[in-house]
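Chemist: Given next are the chains, with one letter for each unit.
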Amino acid sequence: MAKTQSKKKKQSDEVPRIGVYVCHCGTNIAGSVNIGEVVEFSKNIKNVSVVREHMYLCSEQGQNMIKEDIKKEGVTRVVAACCSPRTHEEIFRKTLNSGNLNKYLYEQVNIRDQCSWPHFKDKDNATNKAKQLVKSGIYRASELEPLQDRKLSVLKSCLVIGGGISGINAALDLARSGYHVYLVERNPSIGGKMAQLDKTFPTNDCSACILAPMMVEVSNTPNIELIIYSEIENVSGHIGKYHIVVRKKQTSVDWEKCNGCGDCSIVCPVKVDNEFNCNMDKRKAVYIQFQQAIPMKAVVDKKKCVKCKLCEKRCQVGAIDISKNEDEFVEFDVGSIIVTTGYDLFDPNKKAEYDYDHPNVITSLELERMMCASGPTKGEILRPSDGRKPHTISFIQCVGSRDEKTNDYCSRICCTYSIKHARLLKEKYPDMDIYIHYIDLRCFGKGYEEYYRIAREKGVKFIRGRISQIDSIGDRLEVSGDDDTLGEQISVIADLVVLAVAMESSKGAKKLANLLNISTDKTGFFKEIHPKLKPVSTDSDGIFIAGACQGPKEIPDAVSQGKAAASAASSLMSKGEIEIEPLFAQITEDLCAKCRTCESLCTYKAIKYTDEDKMEVDIALCKGCGVCSAACPSGAIKANHFTNKQVRMQILALTEGIH
Amino acid sequence: MKIILNNTNKDLVDKVIENGGKRVTECFQCGMCASGCPVASDTDHKIKRTMHQVLLGLDEQILDKKAIWLCTTCFMCLERCPQNAGPTDVVIALRRMSAEKGIIPEAQIEVANNIYHLGHAVTVKKGISLREKVDAPPLTTAGSDKKYIDEIQKIVDSTHAVKLLKIRKEWKPKGDDVIACD
Numbered sequence: 001m002a003k004t005q006s007k008k009k010k011q012s013d014e015v016p017r018i019g020v021y022v023c024h025c026g027t028n029i030a031g032s033v034n035i036g037e038v039v040e041f042s043k044n045i046k047n048v049s050v051v052r053e054h055m056y057l058c059s060e061q062g063q064n065m066i067k068e069d070i071k072k073e074g075v076t077r078v079v080a081a082c083c084s085p086r087t088h089e090e091i092f093r094k095t096l097n098s099g100n101l102n103k104y105l106y107e108q109v110n111i112r113d114q115c116s117w118p119h120f121k122d123k124d125n126a127t128n129k130a131k132q133l134v135k136s137g138i139y140r141a142s143e144l145e146p147l148q149d150r151k152l153s154v155l156k157s158c159l160v161i162g163g164g165i166s167g168i169n170a171a172l173d174l175a176r177s178g179y180h181v182y183l184v185e186r187n188p189s190i191g192g193k194m195a196q197l198d199k200t201f202p203t204n205d206c207s208a209c210i211l212a213p214m215m216v217e218v219s220n221t222p223n224i225e226l227i228i229y230s231e232i233e234n235v236s237g238h239i240g241k242y243h244i245v246v247r248k249k250q251t252s253v254d255w256e257k258c259n260g261c262g263d264c265s266i267v268c269p270v271k272v273d274n275e276f277n278c279n280m281d282k283r284k285a286v287y288i289q290f291q292q293a294i295p296m297k298a299v300v301d302k303k304k305c306v307k308c309k310l311c312e313k314r315c316q317v318g319a320i321d322i323s324k325n326e327d328e329f330v331e332f333d334v335g336s337i338i339v340t341t342g343y344d345l346f347d348p349n350k351k352a353e354y355d356y357d358h359p360n361v362i363t364s365l366e367l368e369r370m371m372c373a374s375g376p377t378k379g380e381i382l383r384p385s386d387g388r389k390p391h392t393i394s395f396i397q398c399v400g401s402r403d404e405k406t407n408d409y410c411s412r413i414c415c416t417y418s419i420k421h422a423r424l425l426k427e428k429y430p431d432m433d434i435y436i437h438y439i440d441l442r443c444f445g446k447g448y449e450e451y452y453r454i455a456r457e458k459g460v461k462f463i464r465g466r467i468s469q470i471d472s473i474g475d476r477l478e479v480s481g482d483d484d485t486l487g488e489q490i491s492v493i494a495d496l497v498v499l500a501v502a503m504e505s506s507k508g509a510k511k512l513a514n515l516l517n518i519s520t521d522k523t524g525f526f527k528e529i530h531p532k533l534k535p536v537s538t539d540s541d542g543i544f545i546a547g548a549c550q551g552p553k554e555i556p557d558a559v560s561q562g563k564a565a566a567s568a569a570s571s572l573m574s575k576g577e578i579e580i581e582p583l584f585a586q587i588t589e590d591l592c593a594k595c596r597t598c599e600s601l602c603t604y605k606a607i608k609y610t611d612e613d614k615m616e617v618d619i620a621l622c623k624g625c626g627v628c629s630a631a632c633p634s635g636a637i638k639a640n641h642f643t644n645k646q647v648r649m650q651i652l653a654l655t656e657g658i659h
Numbered sequence: 001m002k003i004i005l006n007n008t009n010k011d012l013v014d015k016v017i018e019n020g021g022k023r024v025t026e027c028f029q030c031g032m033c034a035s036g037c038p039v040a041s042d043t044d045h046k047i048k049r050t051m052h053q054v055l056l057g058l059d060e061q062i063l064d065k066k067a068i069w070l071c072t073t074c075f076m077c078l079e080r081c082p083q084n085a086g087p088t089d090v091v092i093a094l095r096r097m098s099a100e101k102g103i104i105p106e107a108q109i110e111v112a113n114n115i116y117h118l119g120h121a122v123t124v125k126k127g128i129s130l131r132e133k134v135d136a137p138p139l140t141t142a143g144s145d146k147k148y149i150d151e152i153q154k155i156v157d158s159t160h161a162v163k164l165l166k167i168r169k170e171w172k173p174k175g176d177d178v179i180a181c182d
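Line by line, the protein sequences give chains A and B. Note that the working numbering gives residue 592 to position 592 of the first sequence, counting from 1, and the numbers run on in steps of one. Note that the working numbering gives residue 155 to position 155 of the second sequence, counting from 1, and the numbers run on in steps of one.
Hint data in this document are derived by calculation from the structure and do not stem from the laboratory. What you were told as hints is all true, and nothing was included just to trick you.
FRET-style restraints, in silico, Cβ to Cβ: (1) Asp44(B) to Glu404(A): 34 to 40 Å; (2) Lys446(A) to Asn6(B): 33 to 39 Å; (3) Phe444(A) to Pro173(B): 55 to 61 Å; (4) Glu110(B) to Glu427(A): 46 to 52 Å; (5) Asn6(B) to Phe444(A): 28 to 34 Å.
Straight line, CA to CA, 25 Å or less: simulated BS3-like cross-link-like pairs of lysine-lysine: (6) Lys426(A) to Lys22(B); (7) Lys608(A) to Lys151(A); (8) Lys15(B) to Lys458(A); (9) Lys10(B) to Lys66(B).
Positions of the beta carbon are idealized from the N, C-alpha and C atoms, including for glycine.
In isolation and in its complexed conformation, chain B is listed as follows:
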């Protein structure tokens, strides 16, 4: 379908800059970001195109789509971008803006709740039992003591991330490979 450029979001660039994609206007579409991107060949995440869409104000083509959440934030593009346009920063900014609109994929909500309740993004029960098997000393982690988790929750509660990330007070982690302190 033909895209009429007049009808695009003229504030998108400013919003992205405000949210951390400070150098997005430096992009001149050389394509270095996309050529080194590890997920580009197998997903819809096309970072060169995303940068251009931001500059044109095509927010509907980005914010409502899953693609920006497929970036692994490996920072390869940010490292190599000859214009220092910071493509990864732009992706993170777009995620922030997307979250503000209430659009976050379920997997990301899961991770956020894991951190809030367990202190970890991923669960580590199997790893801990392995350490016992080889007589390795016990590991102190963010989730190994209730007081650490209290601190994490206090930090999150003080920001509006608690709302954005859809933190549920009543929450049960998925699977059985979970540790939770008493």
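So here's chain A without its partners, still in its complex pose:
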């Protein structure tokens, strides 16, 4: 014990002995940075005691080299000049830990992203920049202080936002592992977009037959609390203990009493566009969302209801009370949050050339609803204009995808879903003439190539070339395009045109991102921390994302991500406590004038003025960004690990010798 104490003292008080390690990263860094020069340069900097280079510093051998130096050379600070701390900081911190050196006495200089990659054509300047950055890392390392991780207790409960296929899987996995799950859904039923699908690729099994049993299991699992027809109103708190406020929209139906008989809908005189069937038919103002709805309960659409109270009188269990208008609020605490809010479809009106106004130009989801036995046409494919069976159908791919004017990304699922539609139609109507106009066919998933092959065997015709225009010719549509192989303009006189519309971030995504303090990318989808290392984590600790709210994906991937998020949340909550980085702000009370500048600037709402006339930092919320520290007029706030002294040393290193 005495020995460790003396060592700790040594680490902070004596003149630091800095070890500098420069990584080649194969040719990733060494290809444009002269490693030898950086090594020689570093040797002459104050407090540096060891400088070494390694082909792959993060290898076991490389890490052992650092540990050896800590042990034999008495190295008390480590500077690694290598890749990004985003991916490798944690790895090297652990190396220090296992070498019995406090893990915060480590500094990483990213000479890959900042030198070798951007300046690969200019080796001299890439090397010079690397030297300067390494120098600034060394200067900062001299001032590093040992810090201790903080422990935080974590509630063993999770909020899942969105009851689509991804959220359902996340909720079920967590509930099976023994966690309490709150599943919040905006619509009157869980099920999401998958509930609207007829069949699913690549197995062509009935969508409802896969989904419905899972939905039933959700409703029968005691650990899962369904909060339906509800939206997130407010989120506060932090990892381990988030406080959630949910707005339960008024249904005017007592769900304890409602038995889902549907009598109310029968007597209701108000007809409303049925969103579930893509507005192709009508529902009533009091309605059950669809046949397999979970929960099987009626909802009064308050915006459309005319308050005639016919439903109230008809309901045999007395469940309806039209006079109820107020929304209700539910509050609870959870240890973690999983966001699975899914996607919205691209609005094809934005591509005027595709004439979506025409009744016989429809979207893929509209076709899907028509194909479904419980859909508006009971499974028959009929031209919306006259109810006749179409003979020739053209599918137009990439509507709103791979298009700088709308969405530049590929929506991933459209190729395979159009092939699915074409195949199912050919099976039902072998004489039907079906064309798929594509740019590239991207049938990338397991079993999808075979799926595509069978479509060709069934006689679906694939034409490479983007369609530029659709014109009316009598009661038919002329689809004009180009055939890449023929090198000629082509046209198809079609009875029905189906637009393979893109997947877009859901309309409420931005608002939810603000509530949860998570980021969205330029396309509006929620952003993961790293596509490979942390694919379901967000920049708010304890909040995870899964499914199509993260980016376009098909059902198998959405399910996998839902399960991945459940696993990530579970590993966070399982011990009931976690260690968090001590990178938070500390206030020196004697210097603080309570001007509250910091409070107004803090993005994370981590600083609060308390009843005891004090400014207090919530260390679980604080991200250690340092804004408060920089803004504090009296210098009362110290940002751990980014102290003024440490930052000043970095600046000194970079400006020394410049006049």
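Please build the complex by placing chain B on the supplied structure of chain A, with the hints as guidance.
Modeler: Below, chain B without anything else, positioned relative to chain A:
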């Protein structure tokens, strides 16, 4: 000219399959057939395009044209096609269908008549005299005995190829480099 795809021959694919191009629908236009084709650069025979034209039912663009007869049937495309779509088989099927319509280039008729009357596609008189010069033993070929040729004619006569290939009973081979048994 703009091609209206509705007006194409919807039975073409089935016909090609019936005539031996059994896997034509496997084609997904990767272009490997055309990239290795020895005649593509110098002729109108563009096999990738032909495969696509079959799938679209554009028979007029194929059957009435000379291009399918320019294939050397080297089988390179058939060997290398990653989908096993058998482009050469498709070409042969198309030739069969073309012949049924009475469309065969004159050179092919010449070859057919050579085989019918001489037992050989090409004539070999010079080769035989060369063998004598170097004391090589005489060669027995399909055309070296009348009875072999009778058999060939009997086979051809029993099929409707005799009509398709425009076999002429009164026929005189071109050129003087010809052997015919007595």
